[in-house]
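Peer 1: Chains as they are written, first to last, in this note's numbering: chain X, 1 to 126; chain A, 1 to 243.
Simulated from the structure, these hints should not be mistaken for laboratory data.
Backbone N, C-alpha and C fix where the C-beta goes; we use that ideal spot for every residue, glycine too.
No incorrect hints appear here.
Covered by chain X, per the in silico footprint, the following chain A stretches (three or more residues, Cβ under 8 angstroms):
#1 164 to 174
#2 177 to 185
#3 221 to 230
Just a sample of chain X residues kept apart from chain A, beta carbon distances all over 12 angstroms, derived:
#4 D18
#5 K19
#6 R21
#7 S22
#8 R23
#9 R24
#10 W63
#11 D66
#12 S67
#13 W68
#14 V69
#15 G70
#16 T71
#17 R72
#18 P73
#19 W74
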Amino acid sequence: MSESGPPDPLARLGEQLDKARSRRGGEPAARPDNAGLQQGVGLGFRIGIEFVVAIIVATWLGWAIDSWVGTRPWGMIVLFFLGVGAGMLSVYRAVANINTPVGYRRMDEVKAAGKPAKDKWDEDEE
Amino acid sequence: MAIELQPLEQFEIERIVPLHIGKLDVSYTNSALMMTIVVVLITALIMLSTRRAALVPGRWQSITEMLYEFVADMVDTNAGHGARQFFPFVFTLFVFILFSNLLGLVPYSFTVTSHIIVTFALAAIVFVGVTIVGIVKHGWHFLRLFVPEGVPALLLLLLVPIELLSYFIRPFTLSIRLFANMLAGHTMLAIFGGFAASIWLVAVFPLAINVALVGLELLVAVLQAYVFAILTCLYLRDALHLH
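Here chain X stands alone, though its shape is the one from the complex (with noise of 0.2 angstroms):
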């Protein structure tokens, strides 16, 4: 192979590349979709346990509550409600996907809004 073309060493490696590129036939065209199956496959992975998990820890915290406290059955009871709510959240919200992990709002809702409606709940919080 002799080279006449740019005496620049990447352009010609870039020609190379091209050009054995196309001697193989056409085939990248697979890239997309296989980035897509990741992500659902990681994706699969990750909520299989979320709900599961969120149950088992939040009963258990309540059952540890009950025991410190001594309010036997409630705490464990309540908890166990509020850890299925939890696992139901983190679950859709995974399967959402609105990657709004905790709370609804989204970014450009919280720069759009200002502040002094919202101080009022930070109080409640508190």
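Could you slot chain A onto chain X? The hints should help.
Peer 2: Below, chain A alone, put in the same frame as chain X:
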């Protein structure tokens, strides 16, 4: 002939160099040895492959560059802008878990990530770190993370605890997911391996299953490292931008 099936034996911790500080047992164990190997291998790979960095990368340099770009891409797309400063953290986490998982598949080695104390420590680092980042960045406003917007005050009584719970459950889901996957996979491999060894007349079938399982475990090993890293990115995004 009966070979005893002990599929859980592989997870046993053995003290290699017994060490005690006071009452604290800080022995150098096979787990610690494996972590050392993992860290040394990662460091060697990255140092050696980039020692003579060329514009057109060779094989080893390509590996490192692909790793780098993969994680950089993940941080950029999942953690939002301004998260690049956390790239070293996510990269370290991802590569450490990836190598631990993969090297754990080597026969006679030890899978560090099959112990919940290891994965929980990693998850706790992520959890505490992310919380600190959020508090440093937003101060008290960080608590707004737990208060969904546009909800009547009465419902908040219910929703805030749920949000709090789902926040504090994060380190548990993060660690249990990784640990349970590794533990289950390796136990399964050992059980079918045990079948193949004990009933050697029809050993072909468990062996065939094991071959397929090794493939599956490779997938799980890479995927769990990926999931761990991507969730770290999502949590970081939460803390940085408060959704």
